[in-house]
Amino acid sequence: MTQVRVLIFAIFFISITPVLVSADFYASAPAFDDHVGGKTSLLNMKSLAMESKLKIRATSGDGAPAGIEYMVSIAPINGTDAAIGTVMTDFRGFILEGEGTAENESARNEWRDHSMVSGAIVNFMKSFTYTSGIKL
Amino acid sequence: MNKKTSALLCMCLFLSFVAVSTADILPNGTNTTNRQIPSETYLEVIGSMSSRQMYQLETSSHGGHEGGFLYDGERVSSVVYKNDMATNGGYLAQSKGLKIDEGPQQKGAFNVDSKIVSTYLTDPEIGSKMASSDSLEMFTSGNFSRVDKNIRNPLVADIIGDYVGGFNSYYKGASAVEMTTGQIATMARARSVGTDNTIPAELRYLIGIHPDMSSGIPYAAGTASTEFAMSNEEGAPANTTEFASTKTMNDKTTVDGQIFTFGKSFMVTSGLSPT
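Line by line, the protein sequences give chains A and B.
If you're matching positions, the first sequence starts at 78 in this note's numbering and goes up one per residue.
If you're matching positions, the second sequence starts at 4 in this note's numbering and goes up one per residue.
It should be emphasised that the hints constitute simulated quantities derived from the structure, not laboratory data.
Every residue gets a Cβ at the ideal spot worked out from N, C-alpha and C, and that includes glycine.
One thing to keep in mind: the hints can contain errors.
What the hints assert, rightly or not - Heads up, incomplete: computed chain A residues facing chain B, CB under 10 Å, no partners named:
#, residue
1, D110
2, R134
3, T166
4, E182
5, A184
6, N186
7, W188
8, G196
9, V199
10, T208
Unchecked claim - Listed below are the simulated BS3-like cross-link pairs for lysine-lysine, each with C-alpha atoms no more than 30 Å apart in a straight line:
#, chain 1, residue 1, chain 2, residue 2
11, A, K130, B, K102
12, A, K123, B, K132
13, B, K85, B, K267
14, B, K255, A, K116
15, A, K116, B, K85
16, B, K175, B, K85
17, B, K175, B, K250
18, B, K118, A, K130
19, A, K130, B, K85
20, B, K255, B, K267
21, B, K118, A, K116
22, A, K132, B, K85
23, B, K85, B, K255
24, B, K85, B, K102
25, B, K132, B, K267
26, B, K102, A, K132
27, B, K175, B, K267
28, A, K132, B, K118
29, B, K102, B, K267
30, B, K118, B, K132
31, B, K250, B, K132
32, B, K132, A, K116
33, B, K85, B, K132
34, B, K267, B, K118
Unchecked claim - What follows is a set of in silico ranges between Cβ atoms, one per label pair, in the way DEER data are often shown:
#, chain 1, residue 1, chain 2, residue 2, range
35, A, T157, B, R55, 26 to 36 Å
36, B, G100, A, L131, 16 to 26 Å
37, A, H191, B, G130, 21 to 31 Å
38, A, S118, B, G266, 33 to 43 Å
39, B, P41, A, N181, 24 to 34 Å
40, B, S228, A, D110, 37 to 47 Å
Let the sequences and hints guide you as you build the complete structure.
Listed below in structure tokens is the structure:
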């Protein structure tokens, strides 16, 4: 009998918990759909020193967010003043996000970054980082 | 058994406090992620350059809305930031950063945050020049709802225990520059719908044009124009059909020639305190 009472109490308590917490508290993760990418092309380069870095972490467990780090850098080689040629970069991301348990799309995030540099390149560096996580 | 009950009570209380302390309030109102997308560019080139940058954020309380009137209590918002620049020769040094941050607003995070500093120099007789344009726009709109005094205001997106009328707000900060020598600095910031009524929608825009000190020319040469605009329509509480107030503001400036110094800034913040 006491066990039943404990159970009833527990159910009662859990049913009032969302009010205590906040109206925006959800027990499940909302829907999401993320696409993020970066691209670099070199055209007719005569001399250059290039450095690029890519780090990716896909979805993981608690506390560790999904992440991408991308960096590209063009510089002259030792003994020259500039790298000669054309560099193009293209970064983009498209993110859909739901809210709570709703099936509708709640936020749409879109970004694009395109650049082209041509000529005597003394220094050209582009980078982007993307991290994402969920806290419920 | 009593011990069990109190242990359970303690556990439930503990869990509820943990949940309170981890609930984040985010600028876009979705309350889910702590997404951060910072990007940076450093550039120094003699030659031509073109770049395009665009960021768009749409939020909607009732899912994607395809035209027509808003539903009862529905609110939508949109932030668009665009930046284009092109040169057809000459010397260009540029530093550009865009920090998209959906982290907690209490830490000052912004949905968009941008900074561009460009220094350009060319021989005007050769015909090369630099052209740049920049714009930041924010639109928020929301409809009145009668249901349980349960309006979600578009500016604060919170459930407020009071009637609030419908809203349409549009803010814009933009500039366009063409120059043969000089330095331009632009800053843009935005923030869309918040989930807490202490955090308003916000827009800032700032532009400054200065001479390039390293070139020895004491002025920046070219044309610059700016446009700042604001319009706000507001309904009276408990009235869906009539405007209670409308406000509009418009500011356009154009300068042309030898620019020794040119600076303009625009900022909008908006909030709501239910009565």
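Checked against the structure, which of the hints given earlier come out wrong? Checked against the structure, the hints that fail are numbers 1, 2, 14, 31, while the rest are satisfied.
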